[in-house]
Every structure is written in structure tokens, then in C-alpha cells.
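A.B. asks: Protein chains in written order, with this note's numbering: chain B, 101 to 538; chain U, 101 to 538.
These are calculated hints, taken from the structure and not from any lab test.
Computed from a predicted model, the values in this text were never measured in an experiment.
Note that CB positions come from ideal geometry on N, CA and C, so glycine has one too.
Please note that a few of the clues may not be correct.
Stated by the list, open to error - Across the chosen pairs, the derived CB separations fall in these ranges:
(1) Leu520/U with Asp401/B: 46 to 52 Å
(2) Arg136/B with Leu520/U: 27 to 33 Å
(3) Leu469/U with Gly470/B: 16 to 22 Å
(4) Asp411/B with Thr361/U: 54 to 60 Å
Number of protein chains: 2
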Amino acid sequence: MLSGELQTVGTGSAQRSRVVIIGGGFGGMFAARRLRHTRVDVVLLDRETSHLFQPLLYQCATGLLSEGQISTPLRTMQHRQRNTKVLLGAATGVDPASRTVTAARADGTTFSLPYDYLIVAVGMRQSYFGHEEFASFAPGMKTLEDALTIRRRIYSAFEMAETIANPEERAGWLTFAITGAGPTGVELAGQIRDLATLTIAREFRTIDPREARVLLFDGQDAPLSSFGRKLSSRAARQLIKLGVELHMGTRVVDVDGGGLTATDGDGIAVRYPARTVIWTAGVEAVAFVRTLAEALDVEQDRTGRIAVNPDLTAPGHDNVWIIGDIMERDGLPGVAEVAMQGGMHAAGEIHRRIQGQSREPEVFRYRDLGSAAYISRFHALVKVGPLKLSGLVGWVFWAVIHLSFLVGIRNRLSAVTTWLFALSRGRRMERAFPQRDL
Amino acid sequence: MLSGELQTVGTGSAQRSRVVIIGGGFGGMFAARRLRHTRVDVVLLDRETSHLFQPLLYQCATGLLSEGQISTPLRTMQHRQRNTKVLLGAATGVDPASRTVTAARADGTTFSLPYDYLIVAVGMRQSYFGHEEFASFAPGMKTLEDALTIRRRIYSAFEMAETIANPEERAGWLTFAITGAGPTGVELAGQIRDLATLTIAREFRTIDPREARVLLFDGQDAPLSSFGRKLSSRAARQLIKLGVELHMGTRVVDVDGGGLTATDGDGIAVRYPARTVIWTAGVEAVAFVRTLAEALDVEQDRTGRIAVNPDLTAPGHDNVWIIGDIMERDGLPGVAEVAMQGGMHAAGEIHRRIQGQSREPEVFRYRDLGSAAYISRFHALVKVGPLKLSGLVGWVFWAVIHLSFLVGIRNRLSAVTTWLFALSRGRRMERAFPQRDL
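Same shape as in the complex, but just chain B:
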């Protein structure tokens, strides 16, 4: 170890319990905030300096919002919370015996963090279901890097088409294939049609961007199947109206630089030429979760998640909570709301113990506050309990929900301003990108 270990978190607080939170996403952020008035020292460890508001990543990828508009530095978020220290590092190990987390800096050197209580909220990454070779052809949609890569590929594809005379080749550049018709896939599909038919519609001389084809592939029978049959079929109608071509009930079996191959229900394989392929089909736990599972001697499911106790602790470890997308509990979905409530629950449990309350661990009860997906300008789906909204009403709800969770008043103001500019004529202010593949 090059640089010596960090001895204790904070100074002059040997009597205070130490909480380490790994991951500054929705779960870790809400856990840290819930501990604001608890007499503990908190370390929030993350691989990135900023909390990413992932639900709007597709708007960054399509040139509507900047990276800064969908991110807030963890430090800025936490700097008034005096009992919390933010550290940049990738968790590399956990030792439950010595109660220590090991983390790596950007240069590969490591440091360690002692803990009394540990909350793990490291999240998922894109999964190619064992076909890692697809990744270079079909970027995922999980990180800012992904968003800038996709931004570059989308706008560059139209540029390529503009200079190419061969009709078949040109058609390949004007075809965008998206795997996965969950919210991310649907939102991307809608945005690409929106930008082709509005933003850049009149900017080319040779091609007509409005002819761009967007193909959406999914194994389910309909897009947004988690929203239930009624909203799902409304989404399908709206997408078709937008010009998105739905290939439901298909399985993508091959991807390369020229397109993808998908099989239908009868197993018949069809080749779809498309120079831009975007992969939103599946997720799996990040690599650290395997290390964690081994250290804690617990099982992982097929996607790498860890089944937790009813109070969200890891089996056999009453001071380690596993929350957010990487926890498996009652089939709860990997959405922001589950992570937030899980984070608050874990932090609440720690708070209770610090207060000396000795009753039984509290069972985590998830309150489903609903879900929402954006389809296109003025069209969104919202499901809140029995309430099902779509079209303009859904869109207004969607905007309110997303603004209320977007961190920081300036991010909100700037998103609203940008949306108002964009809604009128489809203008997008963030079409610039670094030239190289990220």
C-alpha cells in the first residue's frame, strides 16, 4: 500500500460509531441524509464524484440536457452535513471479521475504512447476458460515458448518411436499433424519433432525417410490460404513432457493427441492418458484489443480486445492509424508489440502535409510489396505485415527479428552462460531443 491507511474517519470521535455507505446513488444518498442527526460518523464512498440522476440519462444521451444538469457532486450535496465525509474510491474488498472496507483510488493504490455499520448500495451495470463482445457495437445506458458515446453515435450516424450515395448503406446509417423496451429503451426510441423529426429535420440537404427508422426489440409481448396491460398497449400505440417499429416477442442473438439478428417466437432468425445499436436489455450486479457475497458467505441470484433478510441485512450479518438494485427481496424491482426507501430503512435501523432501542429489527415495507415513463413530447405514462395516466396529463405528472427528485434547485430551474425551449420547436442545446469513442 503506497499511501498508508486512513486511520479513523473524522477526528476526535473515537466514541462515535462509524457507518460506511458504499455507493452514492439513490440508495446511498438517502441513507446518508437520513443519518444527518444521528450521532455517528458517516463515510460515503463512491467511484464517481457525482450523484447521477439516471432517470434522465437518455435526455443527456440525445443532446437535450448537459451532464451537469443530471448530476450533482456528492460533496456539494453533503457538505453541510458535518458528520459525513465523501470519499472517491472503488470498493475492492470487505472483511466482516475486522469490519473493514478496502477501496482503490484512481491510480490503483488502496486505502481502508473501518466500520461498525455497513450499507452497500453499489447498483447494477449493463448486462450482455454473457455476450460481452456485443458491448463495443452496442453501448449500454448506465453511465455518463455511455450517454456521451450514444450522443456521438446518434448525431454522427446522420452525418455519415449525408455523405453516402449508396441507398442501402445510407439506410443502415439511418436505422437505429434499441434492445430492451423497458423505460430506458422506450424513452430513447421516442427521443430519437423526436430529434429526427423535429430537432434536425430541416438541417440536412441530401437526406431527410425524418425517414430515420427506430427499431425496438424486446422479449415481452409489449413495451413497458411492467406498467400493466392497459398502459402498455397505450405505450405501444403512441410509439407506433411516433414511427417507432416494434419487434416484440423477439430475442436478440447477435450484434455487430452492421446491425443485429433477432429470433421471433418460432425461433426464426432475421437480420436487421442498423449502424447504431443501443443496448438497454438487461442489468447485472457490478463486479464488487461477487467479492462482497464471498466475503459475507451469502448467495447471489442469476443477475448477481443478494437475497436479504426482512430488515434488509445480509444473512448472518446484522450490521451489514444490502439495498437498492443489488438486493433481492420479495421480487421488488430495481427502481430508484425501492433504493431510496431501502436506504432510509437501513439508516433508520442504525439510528435506532445508536439510540439504544433494543426492539427487534424492523421489517422493510415497500410503499409503491408508482412509476412513470416518458414517450415523447407531451406524452408520458404514469401509474400510481390504481391511477393510470397517459398523454398530456401523464406528461405533466411525469415532469412534476422528475423535477421533485432532481437534486438541487438550480438543476431543477435549468431543466425546466431547457425543456421549455425544447418543447416549442424540438431545439436541443447539448449536441456537442468529444470526437473520440469514450
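Assemble chain U onto chain B, guided by the hints.
C.D. replies: Only chain U this time, still in chain B's reference frame:
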């Protein structure tokens, strides 16, 4: 050639003369605009999709402005100008005999563009004076990639320092060395001190970001020497007041991952540990200019520039203009203003010939409208003829000048809003960055 050539630019205009402009920077952009009402078909060829407002690149690199706030898509800028076609491609060759430009697409395939008149405005890239090995340690400041790399390195350096106990190592991460004390170097130095003492001053628990050292190296006796002795010494005083350490009259002879070595006037070499080194020391013509010079059979100077005729045409080629940073004429500096006026001059000459006016080529006369450099909040230098401004008055002039040239009304509005937010408390909205080295 995979994709067939583009036959003619535009359609049904066999009688119209064809103008090819290579480069969509200030020179190329002003040339294209000047040809708006001329009966020619214009192709504007660029390696990037957006015009970059380079004078504010340092504000993008330090997390103040987004990429979109300092860029405008060339297509958006030109799409109402019906005689102009924008194409994405890197110029790879010129054949003056057949009057053809060859360009490469992103995938390496090529296409060709016939021309009757050619304007070359491809600009300069960072030069390491033959020490290309410095580049990986010390990024330059010419492209959006550079800006995002520098943004990542600056903010990550503070993060590294926060987790490191060893005082010497920590000091290395808190030291930022900048080579070159021209406007870019001075502006970056000021911004780094601004962000350390304002933006992030209270966000850390272990380090005090205000202790960050910024070292500025230059071979000249004073920073901003091109502004003349009086403004130059005011700049030096202001930089010192900000906490920037000036190392004037030095030559940087080595750079590695741990810092740099510089020799002073007596040739004594001193090692300066600094984990972040940024290179703004020199520029050279991009690689294409060598190809061009060989094709036209003209000479390049030490930095790769081509000496041009008084009307800015290349020697021996009365239908080829070389403008902007890559032209050598009367020692004119490589600044935006020279490029803009050069672009308008070349386009004006083409216009005159199309009109059938047969008088002698007009000599290019540069009107120096002055220069400006930002030092820190409320401090900028402006030199307009005999007028020399600094401090707050200079800053107001600086803002007006930059806003008037920032392309597009929305970019202006959004820059003003951002500056107002930032000025009050040093807030920076664009601190997010992709994690990988670009």
C-alpha cells in the same frame, strides 16, 4: 472507395461555381456567412459537427460551462443558408490540378469534393515542441476532449488528496502546473485558484482546497506579454494576489506523471512536483497542412504555417485562400479576430470574381479590434487600440465582447445566467465528467 463519390455539390446547379471551405472555426464560419447572398454552392467541411467557441474552453474545462454552452452545431448555424451544405469529414488531400478535395469519414472511407474556389481554415493543434511523450501527462487545451480530460483531472486531484495521509504525496495532488502564460494559461490558472478558494473551499473534511498551489511557467518575462508591458504587469500583480505562483523566464524541459522540470535563465534545472500538468505552451498546424503544402508546392514555417500572398491566396494558386491560424502574413497573431477577418476577406474576393469584377486582387488589411483575457472573478484585461482596461471595468468589457461573439441567442442567455450564478458564490454547475481518460 467504399461508398462512391459525391458527384456535385447541390443539385441542378451545374452553372454555379463551387466553393469548398475546410474548417468550421471562426475563419471558415465567417467565410461561409459572407457567401450567403453570392451565387455559388458552398460546402463547409469539418472534422467536428459543432463550431467550438474556443475562447471559453477553459470555462468548460473548469466546470463552469457545459460543452453545449460553448458549441453550436454547424448545421444549426447554416441551415437557413440554402446555398451551403455542411459535411462531416477530415480533409485528407487536395489536388489543385483536378480541383478536388478528398475527405475521410469517421469509419475511414473517403469521398471527394470538386471546387472552383477553396478556402482552407483548419487551424492549429497543441504542440509539444517535438516531445509528444509529454502529451499523456500534460493534456492540451484545444478540443472538447481536452476540456473534459482537464475537468476530470482537476476535480479528481482534490479527491486523491482527500484520501492520502502522506503530506508530500498530498501536496503533489494539490499542485497544478500550467505551461504557457498566454491567455489560455492565465485564464486556466485563475480559474483553478477561483474554484479552489470558492467553489469547493468548504466541501472537504481533511484537506483545505484553498491551499492548492497553481504554478504558471513561461519563457517570457511576464504573463500575457502580447498585451504590452503595462497590462502585462497588472496581470502579474493580479495573478500573484490570486495566489498563482509565477515562474517566468523559464523553459519546461521535462514532464512526467509526478511533475515537471524547468530551467531558468541560467540554465539551472529545478524539479516541481505536480500531479496535474496542463500544456498551453505552443501550437502547430494540424497534420493536413503538410499535405496541403506539398500539394500546392508551398513552404511551411517552423510551426507549420503557410506564408500567403497579400490577398491571402497561396503562392501560385489564385483560387486557394489560406486563412486563420495556419496563415503566415505580416506576423499576424493566431487569434479569432484575424481568422474572422481573413474568412470575410477570402469570401469577399470570391464574391467579386463571381460578379465578374476584374480588378486586381484586394490586399488583406487587418483591423486590430483589440484583445481580452479573463483573470478571475471581476478581473479581466482588455486592450483596444490605445485603450487599456483592467479590473472590474475590464471584466465588464470582456463579458460584452465574449457574449457578442458567442453564437446564438440561447447560448448567450444561458452563459449569462450561468455566470450570474457563479459570480455570487463561485458555484459551478458542470462538475460532472465521464470517468475514463478521454
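A.B. asks: Hint by hint, say whether it matches the structure.
C.D. replies: Against the structure, the hints:
no., hint, verdict
1, Leu520/U with Asp401/B: 46 to 52 Å, "51 Å, holds"
2, Arg136/B with Leu520/U: 27 to 33 Å, "30 Å, holds"
3, Leu469/U with Gly470/B: 16 to 22 Å, "58 Å, violated"
4, Asp411/B with Thr361/U: 54 to 60 Å, "58 Å, holds"
In this structure, only the earlier hint numbered 3 is contradicted, and the remaining ones agree with it.
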